[in-house]
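J.: Line order of the protein sequences matches chains A and B. Under our numbering, think of the first position of the first sequence as 1, with each following residue one higher. Under our numbering, think of the first position of the second sequence as 1, with each following residue one higher.
No lab work stands behind these hints: they were computed from the structure. Heads up, some of the hints might be wrong.
To be verified - Not everything, but these chain A residues come out facing chain B in the computed CB check (under 8 Å):
#1 LEU7
#2 THR8
#3 ASP10
#4 ALA173
#5 VAL233
#6 ILE237
#7 GLN241
#8 LEU261
#9 HIS268
#10 PHE273
#11 LEU304
#12 GLU305
#13 LEU319
#14 THR322
#15 VAL325
As the list claims (entries may be wrong) - Partner residues are not named here, just some residues of chain B that face chain A (Cβ under 10 Å, in silico):
#16 GLY39
#17 PRO40
#18 LYS70
#19 ILE73
#20 ALA77
#21 THR206
#22 ASP268
#23 MET325
#24 ALA329
For clarity, every value in this text was computed on a predicted model and none was experimentally measured. Quick reminder that beta carbons are idealized off the backbone N, C-alpha and C, glycines included.
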Amino acid sequence: MQTFLFLTADGLANGAIYALLGLGIVIIYLVTRVINIAHGDFAMLSAMTLVSLEQGQMPPTCALVVCGILVWTVADCFASWRRHGGFAWRVLCHGLVAAMAAFALPALLLAWGAPRWALIAMAVLLVGVLGPIFYRLAIEPIPKASVLVYIIVTLGAHLVVQGVSLHLWGPQAMSVAPMLSGSVTLGPIAMSYQALLVIAITAITMACLFSAFAWTLHGKALRAASLNQVGAVLCGIGVQQSGRVAFLVGASLAALAGVLLAPLVGVHYEMGFLVGLKGFVGATMGGLASYPGAVIGAMTIGVLESCFAYLSSAYRDALVFTLIVPLLLLQSRLAARRGGSHEH
Amino acid sequence: MLMGLKRWALAAATTAMALTAAAQGKPTLVIGAVVSASGPAAALGLPEKKAIELVEEMARARTDLPFVPKFMIVDDASDPTRAVNAVRKLAGEDQAVVVICCTTTPASMAILESVRSAGVLNISMASAATVVEPVAERFWTFKTPMTDRMQIKYTLDLMKKRGVRKVAYMGLEDAYGEAGWNEFRKLVPDMEMEVAASERFSRGDTNFTPQALRVRQSNAQAVYVHGIPPSSVLVQQALTRVGFTNPVYHSAGSANNGFLSVAKGSVDNAYVVSGAIQVFEQLPVSHALKKPLQEFFQSYAQKYAGESADLFAGQGWDAGQLALMALSAAVRSTPATAPLPALRSAARDQMEKIRNHAGSNGIFSFSKDDHLGLDRTGLVMLQVVDGRFKLQPD
């Protein structure tokens, strides 16, 4: 019994992390049809950024963001020049201001000696911004491509991000102090405050997200764009705009997962991929189409993984990933019975 | 053009050296070295290269050598294919009598055939035992670093001495962890001990509690963790969390500062098996390696200001010294006019005759059946006390 409680408690804490990632994967997929293989890398980048900030250094992520914004600006200027013939001074100014802000904000925080929560928020913000930058530079230039093409693009992005991170931060593992240290004894098991914090923050984030989707105009527009792109465009909702927002939300969720995970398992450049993949399996459990489905799926994956590791540690990942085959079969059956498909 | 010039300059330099050597009546002999000075294994290869350069500098100052050593150091960029090409060139064009190669195990395995067909003595700095085993097939190959088997055997002996009968294994599920498990699995029954549990984890894992629970429930009296930080640290934390209070022993993969810095005080009391070189300052004066290590650390710090010799520099140091010893004995035992193949073969034979040489890894005594030749002198058990490694008395 005690064993089971231990396994479930740890499974839920991990499941909460997977849920944040899975949710981002679903949001991005529904709005843009991109299955983001590189999703876990956003989590890794935010954890790495937090490490740099805590050491009092300018995080290399800043350079990535600044470069991204500059390339974005140049691309926009070029596009507007081709369309209208004139030079888009306004676009250029906006881009330069944004680039300067991306550099100045962390620098100011560091100079000010900001408290820990501000550094964590900064790490999430910097990596969150990378989402729309990635969308603008890698996805927007190939609109209406097949799902497979997007998968390959994000797979390439994953390899690039991992390689660049290895170069920027080196191969060694680093550690981050927990946001809440200590642990509490719940009946027969000990839970660290950090694990409880992970579950709590995930729950709060999800509540915020669901209410935003239900009651705000932006949320409704995003839902509209994910349900039917043509209809959304006819209603005056920009597809590109909603794609950028989806990537901003998705990357921010992943970044949040990264900073929450960092104190639990340490930080190194390879940490993102496997976590992202498990978030993806969780999202697939929910059919890649439903937000509550993704959350429940990810939680289930967390608990199952924990139990599998207990039963046979050598095969735990294989068992988790093997789950995806019967799941997909089941879902395609259900979809066939409903007479619809994911491709709207 | 530049290449041509360089080659001329090199030829001129060689001739000049040969002339001075001839003036002393000593032949100039080439010792080739292939290290991974760039690429993924550069963290290992660079200190090795520096140590070999140090050996060369010190050898030139010596007057007792019966030859003038000329080290040619090539970078294989951590790529086994380039290592093979480098060895072929060194053994062919450059007429090396001894080859020190390579930094990594894959490269050392890849060059086996080239070394055998060239008939040249090879000293590898790679860790896997398969580099020199089976000895019958590795006639020309020797190596310097101690193996997993030695470390596991040493750890198990210590456990047994402390009354442990049932021991659990926890290892990484990669080549490192599997190699450890294979040795562990064979050694434990031989020592009349029992494997209580065998669990795996990976570098990317987020949850280590299930494995720790299994180990606790197996009633193991001790656990051996064959991993590297950060996962080896997380395993230990999970064991503490589920209430496992018996001793935890870590492999040499955790005998580094990464282990301590990731742990931040959470691995106190853990045991870590290690090479004596890691805790050279803590060694008692009576330790057989204290003096040779002191000499090595001092000369390394002199040549490379602000740097300290490490385990990998130790490999380069040992390989270089052993090459010089084998060559000296070979030159003395063969007539001055002996052709290159005879000299190479003599160098290999003399290598097998080296006894009781105190290097940085331990005391080397090679033989026909042992091309690693290390005894346990170089092995020590450390314990983490107040966030630092502390040498355990035997």
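J.: Could you run down the list of hints and mark each one as holding or not?
T.: Structure-based check of all given hints:
no.	hint	in the structure
1	LEU7	holds, 6 Å
2	THR8	violated, 11 Å
3	ASP10	holds, 5 Å
4	ALA173	holds, 4 Å
5	VAL233	violated, 40 Å
6	ILE237	violated, 37 Å
7	GLN241	violated, 35 Å
8	LEU261	holds, 7 Å
9	HIS268	holds, 7 Å
10	PHE273	holds, 7 Å
11	LEU304	violated, 11 Å
12	GLU305	holds, 7 Å
13	LEU319	violated, 12 Å
14	THR322	violated, 16 Å
15	VAL325	violated, 21 Å
16	GLY39	violated, 12 Å
17	PRO40	holds, 8 Å
18	LYS70	violated, 35 Å
19	ILE73	violated, 24 Å
20	ALA77	violated, 16 Å
21	THR206	holds, 5 Å
22	ASP268	violated, 15 Å
23	MET325	violated, 35 Å
24	ALA329	violated, 41 Å
When the structure is compared with the earlier hints, violations turn up for hints 2, 5, 6, 7, 11, 13, 14, 15, 16, 18, 19, 20, 22, 23 and 24 and for no others.
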